[in-house]
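These protein sequence lines map, in sequence, to chains A and B. Reminder that position 195 of the first sequence reads as 199 in our numbering, one-by-one numbering, no gaps. Reminder that position 5 of the second sequence reads as 4 in our numbering, one-by-one numbering, no gaps.
By construction, these hints were calculated from the structure, which means they are not laboratory data. We put the beta carbon where it would ideally sit given N, CA and C, even for glycine. One should not assume that every hint holds.
As the list claims (entries may be wrong) - Simulated coverage check for chain A against chain B, where a stretch passes if three residues somewhere in it have a Cβ under 8 Å from a Cβ of chain B:
1) 90–99
2) 110–118
3) 135–148
4) 151–162
5) 264–277
6) 323–337
To be verified - A few chain A residues that don't get close to chain B, going by computed Cβ distances all over 10 Å:
7) His52
8) Gln71
9) Glu87
10) Asn165
11) Leu185
12) Ala216
13) Asp239
14) Asp260
15) Ala261
16) Pro289
17) Thr308
18) Ala311
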Amino acid sequence: MKRHRTIIPDLTRRRLLGAGAATLGLAGLARPGLAQTQDVALQLSWLHSVQFGGSYIAQDRGYWAEQGLDVALLPGGPNAPVEPPVVAGTALVGISAADYTAAAVEQGAPFRIIGVAMQKNPFAIASLPANPVEVPKDLEGKRIGMALANMPVLEALCTLNDVALSEIEVVPTQYDAAPLLAGQVDCLLCWATDLPVAMAMEDIEAVTMLMADHGYALHSQTYIATEESLAERRDELVALMRGEVAGWTDYAEDPDAAARLTVRMFPDAGLDLATQVMQAERQVPLMFSSLTDEHGFGWFTPDTVAANIETLALLGRDVGPELWDRSILEELHGA
Amino acid sequence: MTAPATRRVARPAVPVVRVGPLAWRVLGVVGLLLAWEALARLNAGSYVLAGPVAVAIHGVEHAGLLGRALRATLVNAAWGFLWGNLAAIGLAAVILLVPRLERLLVALALLVFCLPLVATGPILRVAYGPGDGPQIVLAALAVYYTTLLALLVGLRAVPRSWLDLVESYGRGAGAQLLHVRAMAALPYLAAGLQIAAPAAILGAMVGEFTGAERGLGVLTIRATRALDVDATWTIALLAAGMAMAAYWAFGALLRRVASDPPALLLAPPGPALRRGRRRGAAGAAVMILVALALWQGGMDALGLNSYFAKRPGDVLTFLVTGPEAASHRATLLAAYAETLAYTLPGYLAGLALGAGLACAITLAPGLAAVAMPVAVALRSVPIVTTAPLLVLALGRGSVGTITIVAVMIFFPTLVACLQGLRQAPGDVIDIFASYATGRWRTLVLARVPAMLPAFFAAARMGVPAAILAVTTAEWLATGRGIGSLMALTASTSDYNMLWSAITLVALTAALAHTLVARIERAVLRVYGPEQLAR
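Just chain A, same shape as in the assembly (with noise of 0.2 Å):
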């Protein structure tokens, strides 16, 4: 067994090396000079999919290579752990979300936040047009398809909205269009980014609520790394960032691009083009606005933090904001 673990990682950076050198082209062969390349990992929060489309533009074009940063992307799943790995110094950073990252830090990991890239939380209500679900009231009477795990994001949404919570019937379901096509609920609580993509992919347009437009403000898709790592690895941590910006910057540019290279790049995820291109697009209005257009991407502010804390506070969550730390973003955007 010792010996898998020692073989797997080395075949795995062997292999993205490899990608990474015929991918960068003659970018990648036009870098000497570097002493050493630092090896990190990022910890995505999900499988590889367009959702982190900035990061593999970064890879692509050699953000991270031309300050010499060597950077595994490291895929999540559906019982993938995302934090553990960050305070167990797996992965330098990971991409969590406000509310997971508040609970991590409850258990007493060390964590802040250090950018965030979906200033939209993309959780949304989707129903079919049919009987829709346009505004919170409309969730009165009907039934909601959601894992019960997220009760508390319904509890917070019908707080925000002043929706009578005993008036939704909830029923427990997988993470799945297919009850609702079935007829067995009504809408869905799912992010706005992928199952209305699925379902517009089968010619049904849902109808879908972002809650982030009806008081949810909470950050998705942060970018978080340990107090020690902020202390001790700042330099890795800025290139890192500086990479990450830097692809998000030209995935605004062309998502379409980056939906081409995602499918190009995981050949064996199983990804479809037409679907990657759909939900690149769609992701757009959640990561990018008049604060990031600007102060640059990952951007925060006082004003943003303290609406989370609100949001945080309706989910059972107690933090302050000391959670965020901007320092990285402040010494690459020179604010």
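Given the coordinates of chain A, work out where chain B should sit on it, guided by the hints.
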């Protein structure tokens, strides 16, 4: 008419599917395919079922992708299969050389085997980092216990006189092991490997859920979320096909190494029960202490961070001595009660169905032609792909979950009971035949009592299987009970609750196993006292 019919079944042939003539089997398969296609067409638009035609088209169109995924999963499953079985062989050898350790080691092996996949997966991922480590370890964990049990029976299935012969040459236990026991155990090992092969594939797929780059498990997740029913079913069938192929391949191996394959599941209920009650309690205490020491020591040795790798003391504080222990207990026990309410009916239904169908096949051997392939297929389709489909088809209420548990229990029970029914002594059957006793009476009076030891062996093995089934279904499909609680706590960093749930599930498995063994002993004292003497 009665005698030839029964005699045909009484033949000691293990390849049960050969019972029916070939024509029956072909007809059965064609009929099933037609029914499946019809069902799929009737349910078109519900995104639940894809028919054989759609599956075939999807398979051909995505042959390259599916082939690469299949290879990734199979390679990991094969490594896990190898390591798991080597571990089982090592454990069996230790037990044979130091018999006093048997009770402890087998109990610990059971405990580890019962650890829920939803909980062990993320921990292995943290311990191994990126790569194939968790897939391989989960595959190994899925196979080692059944192989160990098979070996323990096999290594003892040796005539005393052979061992005496070795001793008379002045050779010790090592020589006995090498020259006599290992040879005698070969057929049992092959039989154990046959059961283990499909399990390794399931383990590898679950391992992929912890963050893998490729594999059938990865494609399953993608397909379910993308409403790609054709892909979901193609992957499920591919995985099932591989599992069945492995099952049959080791079955063929088994027939080569053993002219008269062993009645594997006729393992006696273990040495634990032959002890007095007081010594039993002391043994249990030792077992718990060793398990706790391994838990604490293992985590310390691996240097796992206490943020997610909780130690026994943390769980004690969380559940008993801490300030909010009462509310923690309430949450845990509520989920636990919900889980038990699904597990028990499913477990009992699976046992009843397996035993019932075995009896039905004995009465009407033609049934085997249709029933056996369906039974093997049901059992081989990895539960990670079937659980969401079954729940979607049967609803989110209790029926779906109970069915999943029953399906997992049903097939091993059927196989064991068919073997058991054939154990009825030939002369007893002849006496019944000579009095022109009907098939039904022969079954009830002669065969069923002979079946009981095998039935109970299946009931014991069904305990971990039921726990695996229910926690997986709750995690992936219904979102209720302790399986869902474990998934939730892992995502919200509530690792104290996660480890509390793991402890509770493992303890339940051990207790349920003991309880079944007790019932077994009470029943066998009446119907099969020869099983208890050794």
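Here's how the hints hold up against the structure:
For the region 90–99 of chain A, the stated coverage by chain B holds: 3 residues have a C-beta nearer than 8 Å to a C-beta of that chain, and at least 3 were required. Check on the region 110–118 of chain A: 4 of its residues sit with their Cβ under 8 Å from a Cβ of chain B, so the three-residue criterion for coverage holds. Only residues whose C-beta sits within less than 8 Å of a C-beta in chain B count toward coverage, and the region 135–148 of chain A has 0 of them, not enough to reach three; the restraint is violated. Chain B is given as covering the region 151–162 of chain A, and this holds because 3 residues of the stretch bring a CB closer than 8 Å to a CB of that chain, at least three being needed.
Interface restraint, the region 264–277 of chain A with chain B: holds (7 residues with C-beta to C-beta distance below 8 Å; minimum three). Counting residues of the region 323–337 of chain A whose CB lies closer than 8 Å to any CB of chain B gives 0, which falls below the minimum of 3, so the coverage claim is violated. Consistency note on His52(A): stated as away from chain B, yet its beta-carbon is not over 10 Å from all of that chain's, at 7 Å minimum. The non-interface label for Gln71(A) is consistent with chain B: the shortest C-beta to C-beta separation is roughly 22 Å, beyond 10 Å.
Not every Cβ of chain B is farther than 10 Å from the Cβ of Glu87(A); the closest lies at roughly 6 Å, contradicting the non-interface assignment. Chain B leaves Asn165(A) outside its interface by the beta-carbon criterion, the shortest separation being 24 Å against a cut-off of 10 Å. Distance to chain B contradicts Leu185(A) as a non-interface residue, since its nearest Cβ pair spans about 5 Å, not more than 10 Å. Taking the minimum C-beta to C-beta distance to chain B, about 20 Å, the non-interface status of Ala216(A) holds against the 10 Å cut.
The beta carbon of Asp239(A) is kept farther than 10 Å from every beta carbon of chain B, the shortest such distance being approximately 23 Å. For Asp260(A), the shortest C-beta to C-beta distance to chain B comes to about 19 Å, beyond the 10 Å cut-off, and the non-interface label holds. Once the 10 Å rule is applied to beta carbons, Ala261(A) is consistent with being away from chain B; the minimum gap is 22 Å. Remark: the non-interface label on Pro289(A) is consistent with the geometry, its nearest Cβ contact in chain B lying 21 Å away (cut-off 10 Å).
At roughly 23 Å, the least C-beta separation between Thr308(A) and chain B is larger than 10 Å, which holds for a residue marked as non-interface. The non-interface label for Ala311(A) is consistent with chain B: the shortest C-beta to C-beta separation is roughly 21 Å, beyond 10 Å.
Checked against the numbered hints above, the structure breaks hints 3, 6, 7, 9, 11 and satisfies the rest.
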